[in-house]
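Visitor: Read off the chains here:
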Amino acid sequence: MSVYFEYIKIAFLNKCTYRVECLLGILSTCLQIFISCAIWKVLYGTNQNINDITYSMVVTNFVLSQGLSKAFSVNDFAIQQKINDGTICNEFLKPVDYRISILATNLGEILFNLIAFFLPTVLITSIFIGILPPSGLINSLLFLLSIILGFIILWLISSIVQMSSFWIINVWSISTIKNVIIGVLSGSLLPLWFMPESVLQIINYTPFDSIYFIPIEIYLGTISLYEIMGCYVRQVIWIIILYSLSRIMWKFGKKRLVVQGG
Amino acid sequence: MKKNRVNTVHMMLFYSKITINAWFQYKLDAILRSFSVFLREAGTIAVVYFTLITFNDINGWNIKELMFLFSFIFLTYSILIIFFTGLRDFEWIVNDGRFDRFLLRPRGVLFQILASNSDWFAAIGHGGLGVLLFVLSANNVNVEWSALNIIYFAFTIFGGVLIQGSIFLIIASLSFFFIKTGNIRDVFYWNIRSFAVYPISVFPKIIQVILIYIIPFAFVNYFPSQFFLHKSDMIAYPEIYIYITPIVGLTVYLLAYLFWRVSLKHYKSSGN
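Going line by line, the protein sequences match chains A and B. So the mapping is simple: the numbering used here equals the position in the first sequence, first residue as 1, plus 1287. So the mapping is simple: the numbering used here equals the position in the second sequence, first residue as 1, plus 109.
In short, the hints are calculated from the structure, not lab data. It is possible that some hints are incorrect.
Taking lysine to aspartate or glutamate and the EDC-like style, the derived pairs with C-alpha atoms no more than 20 angstroms apart in a straight line are [what the hints assert, rightly or not]:
{"id": "1", "chain 1": "A", "residue 1": "Lys1328", "chain 2": "B", "residue 2": "Asp166"}
{"id": "2", "chain 1": "A", "residue 1": "Lys1302", "chain 2": "B", "residue 2": "Asp295"}
{"id": "3", "chain 1": "A", "residue 1": "Lys1357", "chain 2": "B", "residue 2": "Asp295"}
{"id": "4", "chain 1": "A", "residue 1": "Lys1328", "chain 2": "B", "residue 2": "Glu348"}
{"id": "5", "chain 1": "A", "residue 1": "Lys1538", "chain 2": "A", "residue 2": "Glu1308"}
{"id": "6", "chain 1": "A", "residue 1": "Lys1302", "chain 2": "A", "residue 2": "Glu1396"}
{"id": "7", "chain 1": "A", "residue 1": "Lys1465", "chain 2": "B", "residue 2": "Asp138"}
{"id": "8", "chain 1": "B", "residue 1": "Lys289", "chain 2": "B", "residue 2": "Asp198"}
{"id": "9", "chain 1": "B", "residue 1": "Lys374", "chain 2": "B", "residue 2": "Glu200"}
{"id": "10", "chain 1": "B", "residue 1": "Lys374", "chain 2": "B", "residue 2": "Asp205"}
{"id": "11", "chain 1": "B", "residue 1": "Lys377", "chain 2": "B", "residue 2": "Asp166"}
{"id": "12", "chain 1": "A", "residue 1": "Lys1296", "chain 2": "A", "residue 2": "Glu1378"}
{"id": "13", "chain 1": "A", "residue 1": "Lys1296", "chain 2": "A", "residue 2": "Asp1384"}
{"id": "14", "chain 1": "B", "residue 1": "Lys340", "chain 2": "B", "residue 2": "Glu253"}
{"id": "15", "chain 1": "A", "residue 1": "Lys1541", "chain 2": "A", "residue 2": "Glu1378"}
{"id": "16", "chain 1": "B", "residue 1": "Lys289", "chain 2": "A", "residue 2": "Glu1308"}
{"id": "17", "chain 1": "A", "residue 1": "Lys1542", "chain 2": "A", "residue 2": "Asp1372"}
All chains should be modelled from the sequences, with the hints used to inform the complete structure.
Guide: Laid out in structure tokens, this is it:
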């Protein structure tokens, strides 16, 4: 177990060396959030709330979902890079589970992102635009649990994309398409309160809204405790489905692996 | 002995042939990647489209007019990227020492960089979306295709390409001073561009000033679409801005080129 903590530590320290990159990343994300909020301010005009949703709720949704989606960035090319240069063989020889080592690396990076990137972003945007606080202590704890489940879903989707590199040369296009779908359907670009009913029907059958939007609804306290339990069940079911899928892909993918040279 | 004089145009075509061969080596991958670029950009449009189902317009612009506004961004980027990919990815050319090769060859350095690479997937993805949006929206917003309008359109697209090319050229010049410029590009090109897809009148004054006078993206799509649409929010800006996109393009490109020449003197090789 302590081996994986080393992976987390190394990834964390690695990220620490790129300070300017982090600063510009904060600037870039703040600008992105600022654009969304400026547009929605114009859309709201003089209205206090539209369909019971206030402008502050929309802003909170953008800050949390766009901030977290940048912080939760998982390298979709981790496996492909190792297959292309053949070093994946070394990973199989090491006495650690390769998949857990990838997860540990990601966790180290995300830990860094949350502290050095997400917190400043939230701070800056709450000063300039203003976000709502969580609707209560219990809700903040429930939010934390839900966002962890959301992250696991996001990570499993990424791991499925990563593993498709056993079958295709370049996962860039699959990764891009995945990011578009998550961007549009997870509510980080358009709050799902305003998504047309027909699209919402489709989203209900996908895992995408349970990544950011469900946690944010819990954070804002717009859904009841009873509904929150239902959301947890949905998240857990999706985790089980995606995990099984990635297990199957890993099992068959490993057998297909051919490394030319070394 | 007959000297092998290859003229510039001939060489440009030859380079293009090679880049096309290189980019389309894996056919299925090429199709998938062009399609995913198309989808990535269309995702932005989809978000605006869904938003405008609830709200009918943004500051008086309806979805068809917005699509017309977006189409300028995609059309210009698609042409831009055929020529300026070498500058977009210039960071790596400098970092791995490939730049030294350009310096040794008997042609202009900038010419070689511009000619030697083209992101054809982006050209197809953005171009496809641009043409689609343009065709879908141009009829709906009653654009009249008189000879004068066509000439205006051609010059404007040319100016829009030059404006964005200048931004690439300036960011590329910064590679001589900084090791990593990827994030600078993200902020000063991509972030600014995501502002520019909307009518600039929706933004606070400071952003408008940046988009008009500092990084003049407003001349790529906002002012040109006003030529065709005559929306009422144009009243806040001088009328003349509608017509000067090509001049703005040439001017900023000249400035960017001077900056490039000055920066080039600072180059020290990093490779071996």
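Visitor: Each hint should be assessed against the structure and marked as holding or not.
Guide: Evaluated hints:
{"no.": "1", "hint": "A:Lys1328 x B:Asp166", "result": "holds (13 angstroms)"}
{"no.": "2", "hint": "A:Lys1302 x B:Asp295", "result": "holds (19 angstroms)"}
{"no.": "3", "hint": "A:Lys1357 x B:Asp295", "result": "holds (13 angstroms)"}
{"no.": "4", "hint": "A:Lys1328 x B:Glu348", "result": "violated (27 angstroms)"}
{"no.": "5", "hint": "A:Lys1538 x A:Glu1308", "result": "violated (37 angstroms)"}
{"no.": "6", "hint": "A:Lys1302 x A:Glu1396", "result": "holds (6 angstroms)"}
{"no.": "7", "hint": "A:Lys1465 x B:Asp138", "result": "holds (16 angstroms)"}
{"no.": "8", "hint": "B:Lys289 x B:Asp198", "result": "holds (11 angstroms)"}
{"no.": "9", "hint": "B:Lys374 x B:Glu200", "result": "holds (17 angstroms)"}
{"no.": "10", "hint": "B:Lys374 x B:Asp205", "result": "holds (19 angstroms)"}
{"no.": "11", "hint": "B:Lys377 x B:Asp166", "result": "violated (52 angstroms)"}
{"no.": "12", "hint": "A:Lys1296 x A:Glu1378", "result": "holds (18 angstroms)"}
{"no.": "13", "hint": "A:Lys1296 x A:Asp1384", "result": "holds (17 angstroms)"}
{"no.": "14", "hint": "B:Lys340 x B:Glu253", "result": "holds (16 angstroms)"}
{"no.": "15", "hint": "A:Lys1541 x A:Glu1378", "result": "holds (12 angstroms)"}
{"no.": "16", "hint": "B:Lys289 x A:Glu1308", "result": "holds (8 angstroms)"}
{"no.": "17", "hint": "A:Lys1542 x A:Asp1372", "result": "holds (18 angstroms)"}
Violated hints, in rising order: 4, 5, 11; the structure is consistent with all others.
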